[in-house]
Amino acid sequence: MSRRFPWIRQSLVIWHKELRIEFRTRFAYSTLLMFAVTTLITISFSVGGFVPDSDITAALLWIILFFSAMAGLGRTFVQEEEKKTVTALKLAVAPEPVFLGKYFFNVTLLCSLTVLVVPLFLVLLNQSVPQWPPFLVTVILGVLGLAGASTIIAAIVAKAEAKSAMMTILAFPVLVPLLLAAINATRACLAGASGAAPASELYVLLFYNGAVLTASLLLFEYIWNE
Amino acid sequence: MGGLNFVLAVTLVTWIGLFFYVLRVDLKLREAERREKIR
Amino acid sequence: MFWQSILGLWLSLVILASFLYMPATQGLGESGRIIVYHVPAAWVAVLAYLMAMVNALGYLRHKDLRFDRQAQVNAELGTVFCILATVTGAIWSRGAWGWYWNWDPRQTSIAVLLMIYAAYFVLRNAVEDPQRRASLAAVYSLLAFLTVPFLVFVVPRVYDSLHPDLINLESRTFAMDKKMLVVFLASLAGFTGLYGWLYNIRLRLENLLHRLESKREVS
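Residue numbers (the numbering used here), protein chains in the order written: chain A, 1 to 226; chain B, 1 to 39; chain C, 1 to 219.
With the rest of the complex left out, here is chain A:
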């Protein structure tokens, strides 16, 4: 068990490293932001004054977040390959902290994006949130899940050719349960105070996060050491 402790410290160090590097150029963050905002504005513009049904807007929110993640998080591991820092990382730490560090970083990226995009989304599409505590939980769990799946898939993609297209193709089947649960829960939260709180969807989101994280930690070394 004492092996676990160095992992946490090392993951935090790697997270810190990612943040510092990203802060220099802000490539990933600006990609995320650009994509999300552009999509949102386009949708809002074409919808006009009309207030769309919660069925549709719930899906729209997660479409925006999903594709933003695909666009912005795809290169998580590619930089290491390109800048040849892979060897240094392999010598420094075990595979697991590398994954965790990158995961925390992607969570940070997506959360910063979500904090901007969700209010903007609610405003531009004239949505009210009758059940906002479940809504908040849904968004948080959904974004965590997006980050987790994106990180492990990005690791796979970094070792293959044709990287940008691969990310979406590989990530989508893996993310279907998350997206469906999140959309369904969001729909319930946006629709009305009368509907039952989307408890089972939230459980699904929670367990999905747990499952993906566990599987990723177990499987990551096989990708990393290829």
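Treat the hints as calculated values from the structure; they're not laboratory data. Model, not experiment: these values are computed from the prediction. Check the hints yourself; a few may be wrong.
Label pairs and their calculated CB-CB ranges [stated by the list, open to error]:
id : chain 1 : residue 1 : chain 2 : residue 2 : range
1  : A       : Arg9      : C       : Leu188    : 50 to 60 Å
2  : B       : Arg24     : C       : Val218    : 25 to 35 Å
3  : C       : Arg61     : A       : Lys17     : 52 to 62 Å
4  : C       : Gln26     : A       : Pro52     : 35 to 45 Å
5  : C       : Met1      : A       : Ala165    : 38 to 48 Å
6  : B       : Arg24     : A       : Val37     : 55 to 65 Å
7  : B       : Lys37     : C       : Asn200    : 15 to 25 Å
8  : C       : Asp177    : B       : Arg24     : 29 to 39 Å
9  : A       : Leu89     : C       : Val54     : 52 to 62 Å
Virtual Cβ for every residue (Gly too), placed ideally from N, Cα, C.
Could you slot chains B and C onto chain A? The hints should help.
Only chains B and C this time, still in chain A's reference frame:
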């Protein structure tokens, strides 16, 4: 129902055709494996 | 030759029985007969995937490319049967509910499985080195399958809230006529046997090709 008999016929013929095709592949494979052992 | 002949005969009899021996289904009529093909095909698609995952675990453990060849063969067969299952399912859906596709829980599940298979092959094609390809493909197949059980819990809820009327029409617990049950089970056995035969042949071919490649490299 003439339509039903038609579907039955098509299905049966398709299956039998596929079956003999795969059987042919099986036999050719065995031949290749046999030759490999001799060489 | 013996077992192949039995298989050929068996499935031919199943086909005949599904049209001539078995009565038309209640509620769905003649188009319901397709269930004799649809469910076994879906079953084989899932079975093949499970086997591919076992192969994946084997490869990750022993790093022997033999497991990767097995995984590839299983994935190929799984994809073929998955396409069959999806198409027969759509035909069934048209007969039962009027539309070819309506995202009911099982249609969604089989569609996701098909997407996983497709993604798996895209990944395989994108990697040159055999060992790396094997590792990445193995990891992906394990990761992707992990998420499928969650669909079981999510999709029924989505489906219920969006398509309440169709639920009433669906005969989920199919009270099967005894004759139909017999034909259905026989088909299940036959499809499984077919999968076994196709797997055997395909794997032998793959191994043969591999042996030839190795010989060529040596000489």
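Which of the listed hints are not met by the structure?
3 and 9
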